[in-house]
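Those protein sequence lines, which keep their order, are chains Z and C. With the first letter of the first sequence counted as 1, position 383 gets the number 383 in the numbering used here; the numbers rise by one all the way through. With the first letter of the second sequence counted as 1, position 254 gets the number 254 in the numbering used here; the numbers rise by one all the way through.
There may be inaccurate statements among the hints.
Copies of one chain are not kept apart here, so a pair can be met inside one copy or by any two copies together.
To be verified - No farther apart than 27 angstroms at their CA atoms in a straight line, the calculated lysine-lysine pairs in the DSS-like style are these:
| no. | residue 1 | residue 2 |
| --- | --- | --- |
| 1 | K372 | K387 |
| 2 | K244 | K343 |
| 3 | K87 | K225 |
| 4 | K244 | K101 |
| 5 | K138 | K225 |
| 6 | K101 | K163 |
| 7 | K10 | K244 |
| 8 | K163 | K133 |
By construction, these hints were calculated from the structure, which means they are not laboratory data.
2 protein chains.
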Amino acid sequence: MAIQSFHPPKRVLMGPGPSDVSERVLQALARPTIGHLDPLFVAMMDEVKQLLQYALQTKNPMTLPISAPGSAGMEACFVNLVEPGDKVIVCQNGVFGGRMKENVERAGGIAVMIEDAWGTAVDPNKVAEAFKKNPDAKIFAFVHAETSTGALSDARTLAQIAKQHNALVIMDCVTSVGGTPVLLDEWQIDAAYSGTQKCLSAPPGLSPVSFSQRALDVIKTRKHKVQSWFLDMNLIMGYWGTGKRAYHHTAPINNLYGLHESLVMLQNESLEKAWQRHRDHHLALRAGIEAMGLQFIVKEQDRLPQLNAVTIPDGVDEAAVRTQLLNDHNLEIGAGLGALAGKIWRIGLMGTSSSMWHVEYCLNALDKVLGKAGAKIKTGVAVDSAKAAFGKLAKAS
Amino acid sequence: MAIQSFHPPKRVLMGPGPSDVSERVLQALARPTIGHLDPLFVAMMDEVKQLLQYALQTKNPMTLPISAPGSAGMEACFVNLVEPGDKVIVCQNGVFGGRMKENVERAGGIAVMIEDAWGTAVDPNKVAEAFKKNPDAKIFAFVHAETSTGALSDARTLAQIAKQHNALVIMDCVTSVGGTPVLLDEWQIDAAYSGTQKCLSAPPGLSPVSFSQRALDVIKTRKHKVQSWFLDMNLIMGYWGTGKRAYHHTAPINNLYGLHESLVMLQNESLEKAWQRHRDHHLALRAGIEAMGLQFIVKEQDRLPQLNAVTIPDGVDEAAVRTQLLNDHNLEIGAGLGALAGKIWRIGLMGTSSSMWHVEYCLNALDKVLGKAGAKIKTGVAVDSAKAAFGKLAKAS
Numbered sequence: 001m002a003i004q005s006f007h008p009p010k011r012v013l014m015g016p017g018p019s020d021v022s023e024r025v026l027q028a029l030a031r032p033t034i035g036h037l038d039p040l041f042v043a044m045m046d047e048v049k050q051l052l053q054y055a056l057q058t059k060n061p062m063t064l065p066i067s068a069p070g071s072a073g074m075e076a077c078f079v080n081l082v083e084p085g086d087k088v089i090v091c092q093n094g095v096f097g098g099r100m101k102e103n104v105e106r107a108g109g110i111a112v113m114i115e116d117a118w119g120t121a122v123d124p125n126k127v128a129e130a131f132k133k134n135p136d137a138k139i140f141a142f143v144h145a146e147t148s149t150g151a152l153s154d155a156r157t158l159a160q161i162a163k164q165h166n167a168l169v170i171m172d173c174v175t176s177v178g179g180t181p182v183l184l185d186e187w188q189i190d191a192a193y194s195g196t197q198k199c200l201s202a203p204p205g206l207s208p209v210s211f212s213q214r215a216l217d218v219i220k221t222r223k224h225k226v227q228s229w230f231l232d233m234n235l236i237m238g239y240w241g242t243g244k245r246a247y248h249h250t251a252p253i254n255n256l257y258g259l260h261e262s263l264v265m266l267q268n269e270s271l272e273k274a275w276q277r278h279r280d281h282h283l284a285l286r287a288g289i290e291a292m293g294l295q296f297i298v299k300e301q302d303r304l305p306q307l308n309a310v311t312i313p314d315g316v317d318e319a320a321v322r323t324q325l326l327n328d329h330n331l332e333i334g335a336g337l338g339a340l341a342g343k344i345w346r347i348g349l350m351g352t353s354s355s356m357w358h359v360e361y362c363l364n365a366l367d368k369v370l371g372k373a374g375a376k377i378k379t380g381v382a383v384d385s386a387k388a389a390f391g392k393l394a395k396a397s
Numbered sequence: 001m002a003i004q005s006f007h008p009p010k011r012v013l014m015g016p017g018p019s020d021v022s023e024r025v026l027q028a029l030a031r032p033t034i035g036h037l038d039p040l041f042v043a044m045m046d047e048v049k050q051l052l053q054y055a056l057q058t059k060n061p062m063t064l065p066i067s068a069p070g071s072a073g074m075e076a077c078f079v080n081l082v083e084p085g086d087k088v089i090v091c092q093n094g095v096f097g098g099r100m101k102e103n104v105e106r107a108g109g110i111a112v113m114i115e116d117a118w119g120t121a122v123d124p125n126k127v128a129e130a131f132k133k134n135p136d137a138k139i140f141a142f143v144h145a146e147t148s149t150g151a152l153s154d155a156r157t158l159a160q161i162a163k164q165h166n167a168l169v170i171m172d173c174v175t176s177v178g179g180t181p182v183l184l185d186e187w188q189i190d191a192a193y194s195g196t197q198k199c200l201s202a203p204p205g206l207s208p209v210s211f212s213q214r215a216l217d218v219i220k221t222r223k224h225k226v227q228s229w230f231l232d233m234n235l236i237m238g239y240w241g242t243g244k245r246a247y248h249h250t251a252p253i254n255n256l257y258g259l260h261e262s263l264v265m266l267q268n269e270s271l272e273k274a275w276q277r278h279r280d281h282h283l284a285l286r287a288g289i290e291a292m293g294l295q296f297i298v299k300e301q302d303r304l305p306q307l308n309a310v311t312i313p314d315g316v317d318e319a320a321v322r323t324q325l326l327n328d329h330n331l332e333i334g335a336g337l338g339a340l341a342g343k344i345w346r347i348g349l350m351g352t353s354s355s356m357w358h359v360e361y362c363l364n365a366l367d368k369v370l371g372k373a374g375a376k377i378k379t380g381v382a383v384d385s386a387k388a389a390f391g392k393l394a395k396a397s
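So here's chain Z without its partners, still in its complex pose (with noise of 0.2 angstroms):
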C-alpha cells in the first residue's frame, strides 16, 4: 500500500542529455549537506565559479551557475538584459530559438526572428541582412549547439557580425560545453547560459552562466526592475559574488557538490583533451552508424560530435525501437523535437558517455534491434567499422 523507496536501474545515457553521470560525482553528490553561508561552502562557490570560468574560456568575474536547469539560465540571460520593447534579434534553426522568442516575448521585447532550416547551422548572411533591416537591434541571441538537430553554428562569425552593429549577443551553449570548443571571450560573447546534464555529466538542475563587464552595466543601469525576483542577476551577485555574501536564496547545495567534482574531472583531463575526445568518438560513431547503412541529417563540417543526429530506416516504429533499446538493453536514445518528431533518433556521446565503450554498446544494441525488426540495415558490420575509423584516429595522432 505504502510507497517504497526508488531505485533506478542502471540505464546507459545516449540521448540528448541526461548523459552518463560518473560514479565519482554521484558520490560527490551524496556527500553531508552542510550550509549555503558556511564559510566551507562559500569558499567551493570560489572554485565552482573559477572552474567554469576555464570551462567557458572566460575571465568574466559573473560566471555562476543558476540554481535551476538551463532552461532557467536561458531566461535569466533574457529577463536581465532584455526591457519592454527592446529589439532582439533570434535565430531559430531547432527547438531552442524558439524557446528564446518566447522569451524576448515575455519579457516585453520585440523578436526579430531568422529562420533557418533545421538541421542546419545558423546562415551569417541572413544575420547580417537582419541587422541591416534592423540597426536598432539591442540584442542578437543564437544556439551555438541545437540539442534538437545536431548542427553546430559558427559562433565567432555570428557574434562578430553582431557587434559591428554594437548589439550585445547572448549564445545559449547547453550542449557544447566540454564537447566542444567554447570561448566566450575570444568570440565576444556578452551573456552566455549552458546546462550540467550534457558535455559535463553531472546530473541536470543547474545552469551556468556568464554575464561580461559590457552586460553587466546594461543589468546595472535598466530602466525597469528585472521582471524575475528569482532570476535578478543584481540579487544573485550579492550571493555569488566577492566580499561578504548575503543570502538570497538557497542553493542546492548537494548539486553543486556534484558540479564541483565534474568541473574538476574537466581540469584533470582539460578542455582541448575533452574536445578531441568527443570528436573521436564522434567519428567511430559514424563509420558504425553508415556502415548500417544510416545517414547524418546535418551536413558534415557543421554536424556536433556529441550529439548525432540520423535518419530512421523505412518502415521501423521508431518510438518501438526506443523502447525496445530501453527494455533489452537498459539504452536511452532520444527521439526527434518539433519539427524532426518521427523523422530522426539523437545519439548522444557527451561527457562520460563519450567513450569506445559506448559508442560500441550502442552500436551492438541498435545493430540487434534494428536486425529484429526487420528494418533494412547492414547488419553485424558497424561496431567494426567503428573499431577500425577509432584505430586508424589513434594511429594517426
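Guided by the hints, dock chain C onto chain Z, whose structure is given.
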C-alpha cells in the same frame, strides 16, 4: 595548483535550513541518473506527487515540485496568478512578506501591505480591515511560518476572511510543511509553495507547490501570458500532468530521488507523529534555553516548534559565538535577518534535526561557548532541564 575534490565536514545543521539530511536521503541522491522521460522516472514522479499531496493534505492534482528552490516556488505562485493591475493584499511580519511584495510588483500587480511587528503572528483584524478598504483585491498572500522570526500565523482564520471576499489565497508554507499542521484543502488555500530543506530534510533545490482547481481556472484563462516561461504552470503541467509527458525542461533527476526518499520517510512516520516530534523537542529545547536565562521573542501561542528565535545575552558578540559553534562544535545555528539582525539567534529543530540528540548537542555547545565568552547565563543546567522536560512529556503521552 589545480582545484581538488571538495570534501565537506559533517556539520550539525540547526539553523533556519538546510536541516540535517539523513544518510538514507543522501544515498538516494547517489543512485544512477536516468532520463527525465524514462517510464520508470515518470512513475516515480507520480509517486512524488502523491506523497506531496499527503504532506500538504490536499487532493489538488496540480501538486508537484518546481525544479528550483523555494524562492522560485514563491515566484511560480505569483507570476501564474497575478496579472498586470491586479490588487494583492500581502501580510508582512518578517522577511518573506517583503519578498512577496517584490513578486507582486514585478508581475505588474499592486501590493496592499499589512504590517505586523516582526516576531508576531499576522493579525486577522488587520486583514479584515484591509479587505473592507480593498474589496476589489483579487489575491490574499501570507506567510504561514515566518522563517525569519519563528512566528506561526493562523492560516485557517486568515484564509476564511479572504474567502469571504472571494479572493484567491496564496500561502508560504516553506518552513511549516512536515513540522506543524498544513491542511491545504481544509483551509481552502488556492496556491501554496514550500521548500525541501526545512522539515522535509531533503537537500535544497526543489520547491513543492500546489494549486487548487479555482487557481488553475484563473491560470488557464489569463489575459496575458505568464511572464516566466520556466515557471508557466500551463507548460509545466505538460510534463508533470497526467497522460503523455511532453518535455518542458530537464527535471533535476537526482534531487527528486532525494525528495522522494524523504517523503517516503515522512509517510512511514506519519504526519501526526512528525508534528508531535517537532512539538516535543521544541518544548525540551525551550526548557533548556530558559534555564540558561535566554528568552524567546515570539509569544508562546504563536511559536513555531521548528524555528526557535531566542535573544542574545547582553554584551556578547553574536557573530563570534556562531563562528565558535561552527569551528569548535561543527554546529550551525542561524543569525537574525532584516529587522532582527544582531538581535536574535534562530535555532532550527527541523526534520532530521528534530531529535533529543540535537537538543542536547546544541544546548551543551551553547553552554560551553557562552560560558567561555563570559556571558551572563546560568551554565551547566540547560541539558538537564531539557531532559527533565522531555521526560515529563514522554510520561504524559
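Exercise for the section: Check K101 against K163 for me: Cα-Cα at most 27 angstroms, and say if that holds within a copy, between copies, both or neither. Expected result: Answer is within: at 21 angstroms inside a copy they meet the 27 angstroms cutoff, but 39 angstroms across does not.
Exercise for the section: Classify it for me, K372 with K387: is the Cα-Cα distance of at most 27 angstroms met within a copy, between copies, both or neither? Expected result: Classified as within; 23 angstroms inside a copy, 69 angstroms across copies.
Exercise for the section: Using 27 angstroms as the alpha carbon limit, work out where K244 and K343 are close: within a copy, between copies, both or neither. Expected result: between (53 angstroms within a copy, 19 angstroms between copies)
Practice task
Classify it for me, K138 with K225: is the Cα-Cα distance of at most 27 angstroms met within a copy, between copies, both or neither?
Solution key: both (18 angstroms within a copy, 23 angstroms between copies)
Practice task
At 27 angstroms max between alpha carbons, let me know whether K244 reaches K101 within a copy, between copies, both or neither.
Solution key: Close across copies (25 angstroms), not inside one copy (37 angstroms); limit 27 angstroms.
Problem - Status of K225 relative to K87 across identical chains (alpha carbons, at most 27 angstroms) - result: So K87 and K225 pass the 27 angstroms test inside a copy (18 angstroms) and across (19 angstroms) alike.
Practice task
Pop the pair K10 and K244 into one bin, within, between, both or neither, using alpha-carbon distances up to 27 angstroms.
Solution key: Intra 42 angstroms, inter 23 angstroms, cutoff 27 angstroms: inter-copy only.
Problem - Intra/inter-copy verdict for K163 and K133 if alpha-carbon distance must be at most 27 angstroms - result: within (16 angstroms within a copy, 54 angstroms between copies)
Checked against the numbered hints above, the structure breaks none of them.
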